[in-house]
Amino acid sequence: MDFGLIAQYLANGILLGTMYALVAVGFTLFFGVLDVVKFSHGDVLMLGTFIGFTAWLGLEAIGVTNPWIQLLGILLCSLGATALIGAAIAKWLVLPLKKAPQLNTLLITLMLGTAIREVVRLFYPNGSNPKAFPALLPNSAIEIGNFSLRADSVILVLAGLGLIGLLNLVINRTRLGLAIRAVAQDEETARIMGINYTLVVLATFALGSGVAAFAGIMNGLYYNEINFGMGLILGLIGFSAAIVGGLGNLYGAILGGFLFAGLQTVGAALLPFASAYKDVFAFAVVIALMAWKPTGLIPERSSDRV
Amino acid sequence: MEFNMRNKFHGIVLAATACAGLALATSAPAKETVQLGFLGPLTGGNSSVGLGGRNSAELAIRLRNDDPNSKYTYELDALDDECKPNVGVQVATKLATNRKVAGAVTHYCSAVAMGTVDVYHRFGLPATIWGAVLPDITYGNDYPEITRVNGTMINQNETAAKMMTGLGYKTFAIIHDTTDYGKGHFTYLSKYLGEDGAEVVGSFGVTSDQQDFTAELTQVKALNPDVVVFAGLTPGGVRVRQQMDKLGINAVFEGVSGIKSDAFFEGLGTDLAEGTMTFLEGAPAEKLPGGAFFLSEYEKAGYSTPPEAYGPFAFAAMNLLIDAVETVGPDRKAIVGYMGKVQDHQSITGPISFDDHGQNTVALITGYVAQDGKWVVWEDSDYAKGIRQLPAAK
Amino acid sequence: MTDISLNPLDRPRPWLAGASVILASGLYVWALIVAEETWQVLGLLLLALVAVVIGLKTGLSRRVQQDWAQSEPRLNRLAFATLIVLILALSQAHFALLMVTTVLLYFVAAMGLNIQFGFAGMVNFAGAAFFGAGAYTAAVLGTIDAFPPLLTLVAGGLVALLLGIPLLVPIVRTTGHYAAVVTIAFGVLFRTFLEVNEILGGPQGLMVAPMRLFGWDFNNSPTIGGFEMSFYANYALFAAVLAALVFVLMRRLERSWIGLHMDAVRLDETAAACFGISVKRTKITAFLMGNLILGVSGALYGMMISFIAPASFTFSDSLLLVSIVLLGGMGSPWGAAVAATIVVLLPEKLQLLQEYRFLLFSILVMLVLLFRPDGLLPRQLRNFFATRRAVK
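Chains as they are written, first to last, in numbering that gives the first Met the number 0: chain A, 0 to 305; chain B, 0 to 393; chain C, 0 to 391.
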């Protein structure tokens, strides 16, 4: 067995897993707090990435060429904008619909996602063509036999994992995190305890969306390309990953993300016709997993009031 | 007395009106309006090519309407097939069932074209293909309504194989998309490469909207080919080239005509695209017999998107259709009959002659290499002259 | 004393309002179909909006509801007759009939989804995959000349049903979002598999043989008294009959104990189980029945359109079917009919705005869901007997 080949697959799997985990974490946070699946998550992160791209264009135009400053600028604009958009959607679309059946919210957010995608495709100049995202990270590589370890992949993975770790810290060690967990557990009691419900919900959405935007930027920096359809695919996979890992559970989302990436990589490596069947394989396994563990790998600890 | 005066007054007014009417009627005989259809992917990932084609067809109509010698006024009925067969069939039916439409210039996506040939035949609508390259569209049936002005992928791949092997490359890895388009290219290219003594060391099928090619490219890297070929459309081509670089694959990147677009450079940037090879039927727009004329008129018309690779063919197809209408009138059967006899018909892409299956033979295939952010004809490029080097054969 | 009608709703001519609405709708749909110019379409849309508002304000809609409660069989027959008249009126316009048939077939598919979704509460985001399964069955069986096409329809339904069986285990065990992901995953799986696999044509797709009934090939134009109709009229009439049959099935199902069980399971699984209802069996019945209907409508659709490809049955198409169900109101057949008309007809008519139609359509659906979340024609309380003493 070629060590280099395996290492390459592993590296790729880790990168994909980090990306999927970042998106899945958002889904899980939203669900935990509001019992809602915000399907426009993927397209919102795409919008954020495009805003980041526009920011880069702007920075180039005014003559700032240092890649690190550009990176900082892109990150700030993109994460900030996405957080705001996510919160806005929560405030005006999701919160008012709390009483509606859950699937209505699912469908509305699906439609919203479509609308966002179409808006970018139609109104962004040449929106339907993929855009070349700048390669701002150093692209030096270390060659070990057949395996080339690139600096940018390493940086991206470390940053992504770091962000997940940071999120974990926020959720588990800060007062805001405490408030979020309280609201996720029992909304009414949390309100009685004096937690500002609306603010916490908005903060959760902002947090989740911002984190996902980082996934979008990662995607852009690694593949050096963004297009208007990237949100749909990422959103679908993130959703599946979050569900497989168990909705409402942060660790479940991370697990689900890496699991899905792992399935795709294994499918690509082992099956004939390489990637053609990898999605079939991954989704088939997801279905089988759901049959085995209906509420995800790390199941929801919920009790039904009868 | 009063009566007489009013009568006279009325009479004068009547006469004046009659004169005016006669003058108007004789000075500007109203030309009959003929509707001509255009179908292509106006939305979705291939929209740039579709819009380029539509603009070119519209240009042809506009120019002919400005011509005082034309017998009819033409109107474009442009419909979007979204590069999906079911949508294509629906819009083709819409067009074909509209009795006011005399003919149409159809399709860039081969899968769509395959589905719609029956529709055109069923309703007797003359349809001239402007961009789809799958041979079966004209050769898979005996429908006189279907004609095609651009070449098929057979000629393209034959020339491609010859040229690449001629440059000394022996081992090829082919990544193709799983649509008929990609698979067709793969079949023909493999065949001709084999005939020219080269070896296809690996082939990989990918979905047309696939984002991540690391799995395939990792295996490609292990195979270490001279050339990596991508048989698919621009979005996929951009990604494959991108990721080849990530994985440190040092090989020549070749694409089929689907990547020959300005969008390719927009997606990759000049440096990464540098040295990519591709092939297209016909000469580059500037070198076509009517190319300079076409490009300058296109520029003047001020369209927001470029004509892309198949714009000239769309223009030529529409002009051919208009010529047919001018000669035999807006009658579908007559136009089909006219198309059956087209030989050496002058157009901006050169003389058009349809064989017994309605296929125009575009003998010339041009090889292009990406140089400094532009597609340059191989023979004119620095690479052919030895000033720049493509990656060497292994 | 028993003869005195204590029912305040005892009105003379309890069908007038309903009948007039049916006839007016028929006329409106015809006008919408034949409208060519954008301003005509927009004008008609405005008219509809105004009419609906007036209807709500003047209590006309309430009268219509009462009418339906009291004389449903008669009104249903009138609606069917209006549909046939509409088809005959459009009989020379190929494309119009194609649209009408598509609306009817999507309506039938939505009925299938309604059984799964509206009655039993099982969300199915792979509706287009089962629809496609039916179409592909029709394609494959159509190549066998001796196989009677009517049976092909049934076979299409059966294949969709069989395809749903492996999904039963995860779907029955999961609820809500988890079930959603199972069906989404299946939908993606189905499409990707078709695209990659050569046997079923791959992305190139397959040709489907036309429908034949007692030797009459549906691709021939029927001529009645020298009056030649579009061959689509064959499909349109057949689809109308199919739609009527499925509609009757839905109504019967709703009033039967099976339908009651499904509603019980949807509303509260635990309570239903306490009452002795086998939740598993009910869910399985609902899912398989829905799939059967989806498959049959898919088979007819494939035969009509004569060319299918994996790209015709994507996640977006499944979303379209789910939108129809939700827009119309869960479990409401008439709602699904109206929603199917809107969803299929509007993008066609608004195609005059070409590139923007997806955007406008998604915003439209969002608005309807925001301001009228129960759907356009929400499902009414079940009406067991349409009598004069029926309560609203």
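Bear in mind the hints are in silico, worked out from the structure with no lab data behind them.
Just so we're clear, the structure is a prediction, and the values are computed from it rather than from any experiment.
Keep in mind that the hints are not guaranteed to be accurate.
List time: in silico DSBU-like cross-link candidates among lysine-lysine, alpha-carbon distance up to 35 Å [unchecked claim]: (1) K90/A with K56/C; (2) K56/C with K97/A; (3) K90/A with K279/C; (4) K182/B with K30/B; (5) K161/B with K393/B; (6) K292/A with K90/A.
Not the full set, but computed from the structure, chain A residues with beta-carbon under 8 Å of chain B [said to hold, decoys possible]: (7) Y8; (8) K98; (9) R149; (10) N167; (11) R172; (12) N226; (13) A267.
Virtual Cβ for every residue (Gly too), placed ideally from N, Cα, C.
Structure versus earlier hints, numbers of those that do not hold, lowest first:
3, 4, 8, 10 and 11
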